[in-house]
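Numbering-wise (full-length UniProt numbering), the sequence shown opens with residue 1 and increments by one.
Take the hints with a grain of salt, since some may be wrong.
Said to hold, decoys possible - Pairwise CB distance ranges (calculated):
# : residue 1 : residue 2 : range
1 : THR198    : PRO162    : 25 to 33 angstroms
2 : ASP141    : TYR193    : 25 to 33 angstroms
3 : TYR107    : ALA137    : 19 to 27 angstroms
4 : GLU125    : PRO54     : 27 to 35 angstroms
Simulated from the structure, these hints should not be mistaken for laboratory data. Keep in mind the model is a prediction, meaning the values are calculated, not measured. Ideal Cβ placement from N, Cα and C applies to all residues, glycine included.
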Amino acid sequence: MPPKTPTKSHKTSTDTSATASAKPTAVTVIPKSSPLTKHERPNTNHPPTEYVSPLKKLRKTMQDRKHIVIDTIDDLREFIKNNDVADSKLRDSIRIQARLLWVTNEYINGLRFLRVYLGEQKADEPLLEQQTAYQKAQQDDPYEANQYLITLSLYDIAANNPDLPSPGSIIVFKPTKLRLYHECCQVESKLQYLSAVTPP
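Model the full structure from these sequences, guided by the hints.
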């Protein structure tokens with residue numbers, strides 16, 4: 001009788017899976033990015049911009065600002081009639097440009113005001129002729145005469161103030177108050193808002 005040959009051992013599926021699970025797998029470790037410290041800034045790769053100082057920004061803003069220039073008495077009268085001149089933003093949007101004819105000091109309830117009488121800058125009569133004619137007309141009928149003038153009032157300013165432009169100068173200014181009285185244009189402002197466009 002021939003000897004028995006040893007039987008081959010067969011691995012079961014359980015043995016195979018156990019072997020597979022026992023084999024280690026490679027693990028990829030991703031390092032955590034450390035947070036930025038308070039002294040570090042992210043690199044945004046933006047090109048550097050030219051520095052502009054606050055004063056230059058202010059000057060550019062003032063240059064870009066547009067104002068309505070009123071340079072005739074009729075236009076000023078219509079502006080006062082047709083707009084809410086109590087609105088400070090509206091007043092700030094305009095500039096009045098006129099020729100300074102003469103000034104005079106007045107006192108009301110102990111308060112000093114400088115009355116600045118203005119004519120239209122385009123009027124071609126000589127300064128002395130305008131001064132003489134308007135002042136005579138004021139003596140006869142001030143309300144009638146002042147309809148053809150702009151009366152600008154400056155509080156507590158003397159007639160000899162060195163910062164005041166000379167008669168005959170064309171001036172421009174920002175009004176702080178506007179009103180009509182018997183069809184006369186009456187305006188208030190401050191000396192620092194006044195500047196001479198052309199000398200006399």
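Each hint, compared with the structure:
no., hint, verdict
1, THR198 to PRO162: 25 to 33 angstroms, "19 angstroms, violated"
2, ASP141 to TYR193: 25 to 33 angstroms, "31 angstroms, holds"
3, TYR107 to ALA137: 19 to 27 angstroms, "23 angstroms, holds"
4, GLU125 to PRO54: 27 to 35 angstroms, "47 angstroms, violated"
Of the hints listed earlier, those the structure fails to meet are numbers 1, 4, in rising order.
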